[in-house]
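Please take these sequences and the hints and turn them into a complete structure.
Each residue of the sequence shown is one higher than the one before, starting from 1 at the first, in this note's numbering.
Honestly, the hints are just simulated from the structure, not real lab data. Just so it is clear, CB atoms sit at the ideal spot from N, CA and C, and this is done for glycine as well. Please note that a few of the clues may not be correct.
Capping the alpha-carbon separation at 25 Å, the derived lysine to any residue pairs in SDA-like fashion look like this [what the hints assert, rightly or not]:
1. LYS19 <-> LYS160
2. LYS119 <-> ASP165
3. LYS172 <-> LEU156
4. LYS27 <-> TYR128
5. LYS195 <-> ARG143
6. LYS11 <-> LEU156
7. LYS195 <-> GLU185
8. LYS119 <-> PRO145
9. LYS95 <-> LYS119
10. LYS57 <-> ASP165
11. LYS19 <-> GLU78
12. LYS11 <-> GLU30
13. LYS119 <-> PRO73
14. LYS27 <-> LYS57
15. LYS19 <-> LYS176
16. LYS27 <-> ASP98
17. LYS164 <-> GLU185
18. LYS27 <-> TYR46
19. LYS83 <-> VAL118
20. LYS11 <-> PHE33
Derived Cβ-Cβ restraints for the label pairs, each shown as a range [unchecked claim]:
21. GLU157 <-> ALA110: 35 to 41 Å
22. ILE193 <-> GLN108: 38 to 44 Å
23. GLU90 <-> GLU23: 17 to 23 Å
24. ASP43 <-> HIS92: 35 to 41 Å
25. SER81 <-> LEU156: 25 to 31 Å
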Amino acid sequence: MCRLVESIKLKDGVFYRLKFHQERVNKAFEICFPNEEPISLFDNLYQTMIPQSGIYKCRIVYDMDVQTIEIQPYLRREIQSLKIVETELESHAYKLEDRTGFNSAFAQRADCDDVLLVKNGLLTDASYSNIALFDGKNWFTPRVPLLYGVNRADLLEQEKLVEKDINVGDLKDYQKIALFNAMIEFGELVLDIDKIVL
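Written out as C-alpha cells, the structure is:
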C-alpha cells in the first residue's frame, strides 16, 4: 500500500491553505482508496498540540488512516542556482512519501543548489517546489507539473499564474523563475533566468 504525505505550513498557530491540502487528500483517496472515507486534516490537526508562534512544517503521513504527524521548525534552504536535469518521473495529483526518483534527480545537480526537471522537453518542477516563469508581463507555470502543489492551486485560483507548456528551449524568452511550495510563498524565492545551468 502506498503511503502519502502532506506538508502543511503552520505560522503563528495558523495552518496555511488547509482547504487545498484537504482537496488533494480527497483526490488521493479517490484514486488510491476509492472505497474509503477520506481522512479529515482539520480534525487530526486540531487534536494536536500546536506552537502558537514561529514558522513550522507540519508533516502528515497517511494511507487509509493518519500514520504520523510531525511538527518541526522550518528553515528555508538557500537556492541560488538550478541545473537542468531530464526526468521520467510520473506526474501525480497527490504527494507520495517515497521520494526516491526526486532524490536521484537532485543528486545530479552538480555545483548547483537544486535541479530544474524537464520531461519530454517541457519544464515541470524543481526537486521540492513548483515553478513559474516571468516574461516581463505575466507569470506562467507548467501546465503539467510532476506534483500539483497546494500553493500552485491557490495561485491559479487567484489568477496570479497562467498554465502553459514551457519548452526548455524557450527559457531565453523569460526574465525570472520563481520557486514556491506549501512552505515557500510565491515571490520569496525568485532567480534571474541566467541562474539556470544547462
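Inset, instruction - Mind checking the alpha carbons of LYS119 and PRO145 for me, to see if they're no more than 25 Å apart? - result: 10 Å, holds
Inset, instruction - Would you check the hint for LYS11 and PHE33, treating anything up to 25 Å between C-alpha atoms as holding? - result: Cα-Cα ~31 Å, so violated.
Inset, instruction - Would you check the hint for LYS11 and LEU156, treating anything up to 25 Å between C-alpha atoms as holding? - result: Roughly 22 Å separates the two Cα atoms, so the pair holds.
Inset, instruction - Starting from the hint 35 to 41 Å, judge whether the C-beta atoms of ASP43 and HIS92 obey it. - result: 25 Å Cβ-Cβ, so the 35 to 41 Å window is violated.
Inset, instruction - Below or equal to 25 Å on CA atoms is what counts here, so check LYS119 against ASP165. - result: 11 Å, holds
Legend entry - LYS95 paired with LYS119 [C-alpha distance capped at 25 Å]: Given that 25 Å is the threshold and the Cα spacing comes to 18 Å, the pair holds.
Inset, instruction - Mind checking the alpha carbons of LYS195 and ARG143 for me, to see if they're no more than 25 Å apart? - result: With a Cα-Cα distance of about 22 Å, the restraint between LYS195 and ARG143 holds, given a limit of 25 Å.
Legend entry - Holds or violated: LYS57 to ASP165, with C-alpha atoms at most 25 Å apart: Violated: LYS57 and ASP165 sit about 31 Å apart, past 25 Å.
Legend entry - Restraint check for LYS27 with TYR128, where alpha carbons must lie at most 25 Å apart: Distance ~20 Å between LYS27 and TYR128 Cα, so the pair holds.
Inset, instruction - May I ask you to test the hint 17 to 23 Å on the CB atoms belonging to GLU90 and GLU23? - result: Holds: the Cβ-Cβ distance is about 20 Å, inside 17 to 23 Å.
Inset, instruction - For the pair supplied as a hint, LYS19 and GLU78, confirm whether the alpha-carbon distance does not exceed 25 Å. - result: 28 Å, violated
Inset, instruction - With respect to the beta-carbon atoms only, verify the hint that ILE193 and GLN108 lie 38 to 44 Å apart. - result: 20 Å, violated
In the structure shown, a violation is registered for the earlier hints numbered 10, 11, 12, 13, 15, 20, 22, 24, in ascending order.
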